[in-house]
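J.: Order-wise, the sequence lines are chains A and B. Numbers 133 to 466, taken from the numbering used here, label the letters of the first sequence in order. Numbers 168 to 477, taken from the numbering used here, label the letters of the second sequence in order.
Derived by calculation from the structure, the hints in this document are not laboratory data. A quick note: this is a predicted structure, and the numbers were derived from the prediction, not measured. Errors might be hidden in some of the hints.
Unchecked claim - With the C-beta cut set under 8 Å, the calculated list includes, among others, these residues of chain A facing chain B:
no.	residue
1	V282
2	G325
3	I406
4	L420
Quick reminder that beta carbons are idealized off the backbone N, C-alpha and C, glycines included.
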Amino acid sequence: MGLTPSYVTRRILLFLLIVWAAASINFFVPRFAPGDPIAAIIVRMETQGGRVDNPKALIAEYRRTFGLDKPLYTQYLVYLRNLSHFELGPSIVFFPTSVIDLIAARLPWTVGLLLTSLLISFAGGSILGALMIWPRSAHKFRFIAPVTMVLAAIPYYLMALLLLWLLAFTFSVFPIFGSGRIASNLVGLERVGEILYFSILPSLSMVITSVGLWAVTMRGIMVTTLGEDFLALAEAKGLPAARIFIWYGVRNALLPQVTGLAIAMGQMITGAVIVEILFSYPGVGSLLFNAIRTNDFPVIQGITFLLVVSAAGAVLLLDLLYPRLDPRIRYEAA
Amino acid sequence: MKPPRSMNTISGVGQNTISAARVFPRVLRASSGAALRSWPMTIGSSIIGLLVVAGWVGPSILGSEAIQLGASGFAEKASREHFLGTDTFGRDIFVFVFHAIVPTLTIGVIAGGAATAAGVVLGVVSGYVRGPADTLIRTAADIAITIPSLAVLIVIAAYVRTTSIEMMALVVALFAWPWATRVIRAQTLSLREKQFISVARLSGYNGIEIALKQILPNLLPYVMSAFAGTVNAGILAAVGLQVLGLGPVDTPSLGLMLDESFRAGALIRGFWWWWLPPTLILAFLFIGVFLLTVGLDEIANPRLRTRVDR
Numbered sequence: 133m134g135l136t137p138s139y140v141t142r143r144i145l146l147f148l149l150i151v152w153a154a155a156s157i158n159f160f161v162p163r164f165a166p167g168d169p170i171a172a173i174i175v176r177m178e179t180q181g182g183r184v185d186n187p188k189a190l191i192a193e194y195r196r197t198f199g200l201d202k203p204l205y206t207q208y209l210v211y212l213r214n215l216s217h218f219e220l221g222p223s224i225v226f227f228p229t230s231v232i233d234l235i236a237a238r239l240p241w242t243v244g245l246l247l248t249s250l251l252i253s254f255a256g257g258s259i260l261g262a263l264m265i266w267p268r269s270a271h272k273f274r275f276i277a278p279v280t281m282v283l284a285a286i287p288y289y290l291m292a293l294l295l296l297w298l299l300a301f302t303f304s305v306f307p308i309f310g311s312g313r314i315a316s317n318l319v320g321l322e323r324v325g326e327i328l329y330f331s332i333l334p335s336l337s338m339v340i341t342s343v344g345l346w347a348v349t350m351r352g353i354m355v356t357t358l359g360e361d362f363l364a365l366a367e368a369k370g371l372p373a374a375r376i377f378i379w380y381g382v383r384n385a386l387l388p389q390v391t392g393l394a395i396a397m398g399q400m401i402t403g404a405v406i407v408e409i410l411f412s413y414p415g416v417g418s419l420l421f422n423a424i425r426t427n428d429f430p431v432i433q434g435i436t437f438l439l440v441v442s443a444a445g446a447v448l449l450l451d452l453l454y455p456r457l458d459p460r461i462r463y464e465a466a
Numbered sequence: 168m169k170p171p172r173s174m175n176t177i178s179g180v181g182q183n184t185i186s187a188a189r190v191f192p193r194v195l196r197a198s199s200g201a202a203l204r205s206w207p208m209t210i211g212s213s214i215i216g217l218l219v220v221a222g223w224v225g226p227s228i229l230g231s232e233a234i235q236l237g238a239s240g241f242a243e244k245a246s247r248e249h250f251l252g253t254d255t256f257g258r259d260i261f262v263f264v265f266h267a268i269v270p271t272l273t274i275g276v277i278a279g280g281a282a283t284a285a286g287v288v289l290g291v292v293s294g295y296v297r298g299p300a301d302t303l304i305r306t307a308a309d310i311a312i313t314i315p316s317l318a319v320l321i322v323i324a325a326y327v328r329t330t331s332i333e334m335m336a337l338v339v340a341l342f343a344w345p346w347a348t349r350v351i352r353a354q355t356l357s358l359r360e361k362q363f364i365s366v367a368r369l370s371g372y373n374g375i376e377i378a379l380k381q382i383l384p385n386l387l388p389y390v391m392s393a394f395a396g397t398v399n400a401g402i403l404a405a406v407g408l409q410v411l412g413l414g415p416v417d418t419p420s421l422g423l424m425l426d427e428s429f430r431a432g433a434l435i436r437g438f439w440w441w442w443l444p445p446t447l448i449l450a451f452l453f454i455g456v457f458l459l460t461v462g463l464d465e466i467a468n469p470r471l472r473t474r475v476d477r
């Protein structure tokens with residue numbers, strides 16, 4: 133078995149180290165940056181028409197509520213303890229709703245949209261990439277290579293803009309804004325249809341720009357796989373071409389691709405922030421964007437922490453699963 | 168005493184690694200055959216060259232009167248006076264685009280330069296010196312790669328409002344260095360086992376001399392490819408932050424054009440001539456840098472070439 137106890141401990145330690153580093157950045161950057169969130173609240177209260185007679189007492193009260201009156205190291209320790217219990221505290225703007233509740237309401241939307249897009253582009257791109265380099269595939273696949281490469285270079289948010297303009301604005305095939313409302317009076321299948329209708333465009337922009345990436349990496353791995361001796365043997369045995377392609381070529385080339393998939397899964401929430409904003413999709417990304425604009429620090433910290441934990445968690449999971457997927461991998465004690 | 172002739176090859180051509188200055192053209196000559204034959208390299212460098220020239224020459228020909236606030240009518244469609252129309256601030260978009268190219272490229276070059284420089288130093292130290300320094304640098308790079316950079320960049324940019332192009336570039340560079348470090352470290356590791364390094368060591372060179380005179384010149388193709396890659400990542404991250412409204416607002420840049428047009432609701436109001444030109448130029452730029460990276464990678468890593476060798 134490839135997994136040694138020392139290897140597993142090292143991976144878990146690294147995971148904890150990553151989470152701790154990110155949590156610390158999250159803690160210290162806001163505290164050393166200019167600007168006072170509490171003063172901002174008072175200003176907002178006043179501009180919203182309220183008169184604050186005793187701002188000093190109110191500021192002190194808020195500071196106590198958010199624990200800002202204690203020395204920095206106490207705040208840091210309390211912060212780390214709370215984080216380890218996933219207690220992120222209340223949001224400032226949506227006070228007193230907790231950050232966890234806010235995120236939990238949005239998370240299924242983001243994960244649903246992104247996981248679907250990611251799996252579609254992973255499957256499509258891998259098959260395309262494999263066909264591009266397969267000596268016996270039709271010539272048209274070779275011409276797809278430059279096209280997918282070019283599309284992969286364009287950032288997804290620029291693609292989203294172009295699609296939005298072409299398909300929603302000019303030709304009105306898809307809705308422009310308000311894509312996917314959390315509340316809707318439709319139920320059952322109609323509701324599913326509605327969500328799909330609103331999700332196609334954002335999903336399409338991500339699929340188009342990432343299919344090429346998967347295709348390019350798959351093609352690179354296939355080049356090496358196709359040069360292996362066992363492929364020559366399979367051909368010498370006279371196995372059918374389709375069988376060689378799928379079971380000898382794609383199957384072996386797919387393993388390194390899975391590494392990429394796990395990393396992409398971990399980072400996918402981050403990837404969609406801008407798309408969610410462009411399409412006003414009710415996911416974690418637009419929650420983050422609004423939190424930035426309203427200086428809602430607990431929400432910003434909560435979401436970025438979630439992003440880091442999911443990314444690091446995906447890598448950890450991959451490291452632990454990979455030896456099971458590929459028996460050739462062995463981890464020796466260093 | 169003269170160091171021995173190098174046994175190392177980058178693309179099958181033996182080279183003398185006496186000094187970086189003398190080796191530089193040789194490395195290029197050795198790899199230029201492959202470079203010129205690959206179409207990504209040719210098209211990529213043409214695109215970048217075209218943009219650099221346009222960004223450099225354009226503003227001095229067009230002047231900057233037309234991009235002052237209220238210089239012309241507001242949100243006008245394309246006309247003979249304004250080839251691409253004007254924005255809601257009364258600025259000529261055609262002229263603005265030319266002014267925006269160089270600052271956008273500057274962000275990429277500063278971010279990529281800083282990240283690559285850090286990557287070369289850390290990568291060579293990590294790969295050549297090994298030991299605790301290697302463990303430390305490798306762990307730090309692993310951590311920085313795993314953390315989703317956009318998430319942390321958003322936090323940093325949201326708190327420390329990036330007020331200048333240079334500051335923006337440095338913030339972005341904070342997350343571009345690990346990739347460069349990894350590439351350089353891996354190459355240094357394989358280089359240090361080469362015979363010519365042992366020969367140099369036996370000839371009485373010290374570690375720093377070997378690193379500078381023997382290893383560094385042979386890393387050149389990888390450094391160039393890492394630079395192109397980090398420039399690409401830098402512009403990508405910077406424009407992403409600008410689209411979120413977290414970029415510097417005092418210098419014209421392509422990302423700022425997008426940010427301003429979104430804020431003005433150009434998308435819903437149908438002012439497509441405002442956001443479409445920067446979008447297309449950015450797409451063009453990304454394709455150019457990407458092709459250049461692909462071309463350089465093919466030189467640096469012959470295994471990436473797209474033909475099956477059997």
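J.: Now tell me if each hint is right for this structure.
T.: Now the hints, each set against the structure:
Checking V282 of chain A against chain B by beta carbon gives a least distance of about 5 Å; that is within 8 Å, so the hint holds. The interface hint given for G325 of chain A is violated, since its Cβ lies 25 Å from the closest Cβ of chain B, which is over the 8 Å cut-off. At about 6 Å, the closest approach between the beta carbon of I406 of chain A and any beta carbon in chain B falls short of 8 Å, and the interface hint on this residue holds. Restraint check, L420 of chain A versus chain B: the minimum CB separation of about 7 Å is within 8 Å; hint holds.
This entry does not satisfy hint 2, going by the numbered hints stated previously; all others are met.
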